[in-house]
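Number of protein chains: 2
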Amino acid sequence: MTAERLTAIYHIRDDAGRIDARAAGIAVEQSVEMPVAAITDRGVLDDIVGKVESVRDLGGGVFEARIGLSVATTGLEAGQMLNMLFGNSSMHPDIVLADAEFPESVLDAFGGPRHGIEGLRKMAGAGNRALTCSALKPQGLPPEGLAKIAAQMAQGGLDFIKDDHGIADQHYSPFAERVPRIAEAVAATGSGTVYLPSLSGHLEQMRAQIAVARAAGLKGALIAPMIAGVSTFQALVRENPDMAFMGHPALTGPGYIAPPFLFGKLFRLLGADAVVFANHGGRFGYTPQTCRDLSQAALASWGGLKAAVPVPAGGMTLARVPEMLQFYGPDVMLLIGGDLLSAGPRMAREAARFQDAVVKAA
Amino acid sequence: MTAERLTAIYHIRDDAGRIDARAAGIAVEQSVEMPVAAITDRGVLDDIVGKVESVRDLGGGVFEARIGLSVATTGLEAGQMLNMLFGNSSMHPDIVLADAEFPESVLDAFGGPRHGIEGLRKMAGAGNRALTCSALKPQGLPPEGLAKIAAQMAQGGLDFIKDDHGIADQHYSPFAERVPRIAEAVAATGSGTVYLPSLSGHLEQMRAQIAVARAAGLKGALIAPMIAGVSTFQALVRENPDMAFMGHPALTGPGYIAPPFLFGKLFRLLGADAVVFANHGGRFGYTPQTCRDLSQAALASWGGLKAAVPVPAGGMTLARVPEMLQFYGPDVMLLIGGDLLSAGPRMAREAARFQDAVVKAA
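Same order as they appear, the protein sequences are chains A and B. Residue 1 is where the first sequence starts when you use the working numbering, and the numbers rise one by one after that. Residue 1 is where the second sequence starts when you use the working numbering, and the numbers rise one by one after that.
Derived by calculation from the structure, the hints in this document are not laboratory data. Be aware that a few hints might be false.
To be verified - Stretch by stretch, here's where chain A covers chain B in the computed footprint (C-beta under 8 Å, at least three residues):
#	region
1	231-241
2	254-263
Claimed, not checked - Here are the simulated EDC-like pairs of lysine to aspartate or glutamate, each with C-alpha atoms no more than 20 Å apart in a straight line:
#	chain 1	residue 1	chain 2	residue 2
3	A	Lys306	A	Asp108
4	A	Lys148	B	Asp41
5	B	Lys148	A	Asp108
6	B	Lys306	B	Asp242
To be verified - To list a few chain B residues with every Cβ distance to chain A over 12 Å, as calculated:
#	residue
7	Val55
8	Pro103
9	Gly166
10	Arg207
11	Gln296
Quick caveat: nothing in here was measured; it's all calculated off a predicted structure. Glycine included, every Cβ here is placed at the ideal spot set by N, Cα and C.
With the sequences and hints as input, model every part of the structure.
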């Protein structure tokens, strides 16, 4: 029997004359990480050492190497999976982890989103249309200040409100005081807006935060998997199948893991129901093609996994709503933060304009 | 009273005409992440919004921006600290988190290494000389195979043996079976070699692994903080002040966080007693200057923090021992993995040669 493998796909900037040796080197680095000639165990040689499946010239000095890695080495554990996919090779500035293809067994083991885009639409009572979201800011406000802003956004009828990812468990606004206060303020509007508080710290702290959120009647949370650690994220998703998780891009880096793979496949595989990413034309540098690839990956038919809803963000404005809906279609959650917050006393009205624009476009 | 700030130092590739606006943008992104004009709260404006302290031309199209960030926003929690230092800005390919300067309160709160280089020397009975280490490989071997290799390395008298970072909790070699077996094999040699098993998974899994290691009489462990999540790492250091922690570079990326800062300051601040990094002239691309800066940062006098021992690695050989000792001096741990493993049946003898070379150089 041949041991099961996943295929890791790297983009490597190197010379044509060196690329085969380079790919072979990555296959070793991402598996046994020692001279293969010194390995005497037949099982390790056959089933554990990485195998170069193909090398292909992509043009412009970049090559694609497809490398088969043993599924067994991942232990079907998220952190170890990332370690095997890119742990050491991440340190090479000329290698990008572009993609990976997983056998059915891996998809089944991780399970993907527990709710997915359809689950989020149901939570928000949104039919088949695009979803709306805003971000509670600024950090530094006490609980009552944030609750007041959240209430205004909810009065506008938004589907979702998430905490700014900078809002954590600071002394000026502790999670356990802040989250129930905001949840209450949102619920009091009767809008049905779903509020997603931001989780921070380690697994035990996040579990306590989820317990607080649950007690406040909330149905989901925001998490930055690359800061929390993907193992922590995986554990929370497993332990809380009734909660929805929105993945935040903090610390995802400058593209050394290709965003379409990281957000559209890896975060989705681990259970992100929604993935926030930097939309083109905002404060960050993703191209339209990257955004399209990312959203298509998040939504693509993939084994039995539910679709994760793409959440383009990062300096989006009301003025861009029609263009974004045209670009992404209805399977999207539009996130507008600062532009709504800038409306000050007119925030509820601006939120309603945002909501109307999305509802009417459906 | 002015709120306490840390200084985050970014290197930004941009045009001279745009750099001031760029720095101001980062100060906002890494703090309130919304238009400052829309903030009405005086306390947030004064104490929470990031402040550009200085911008300086470093030449070659790169500028240094020093930005004061509120210590309160970090909640003195490792993950949130990293989030505030670089969460969103990590996505810009033209920004590097080059360094940070922390007030005394931050150093005190995190505490740094519990053992440091002097503690590790005591554990290994090594006096004031450089330390030696090797890596147990390949993953894929069953516990008895790894125990046999570990015994050979220990017979050679090495100070430390660490698991390969790819060795986790896989079905072919579960942590709970493997680690006691290896610990026993190492102890049976009477060499006094300190064995550091590799931790994987989330906090709860790592706690269970540490309990196994402890029961096997072990005094430390290996952890990859960027995979585990820095919050998980911080928690383990706090909970296990008697255990030594070696930090592994998996997933540290292609330098988007400058290695001297990441390894020499951040991992040290969080409690790494030893920091493994990619030595120049090996399989990875760090320059001699990067390695020197990193090791100097890890060892520098820094508040009351103990020194972390730099562990240059990644394709090192016996032949390089004299050159590495000359480059790093005695405050170093030399890690040779594959080159020893390649010795096969002569492994114990080669390990002894490595140990002798280091002891005699002292």
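Consistency of the hints with the structure:
1. 231-241: holds (count 4)
2. 254-263: holds (count 3)
3. Lys306/A to Asp108/A: 12 Å, holds
4. Lys148/A to Asp41/B: 13 Å, holds
5. Lys148/B to Asp108/A: Violated, at roughly 36 Å.
6. Lys306/B to Asp242/B: Distance of about 14 Å is within 20 Å: holds.
7. Val55: About 19 Å separates Val55/B from the closest Cβ of chain A, which puts it past 12 Å; holds.
8. Pro103: 16 Å, holds
9. Gly166: The claim is violated: Gly166/B sits with its nearest Cβ about 6 Å from chain A, within 12 Å.
10. Arg207: Nearest chain A Cβ is 9 Å from Arg207/B, so the label is violated.
11. Gln296: 20 Å, holds
Hint compliance for this structure: hints 5, 9, 10 are broken, all remaining hints hold.
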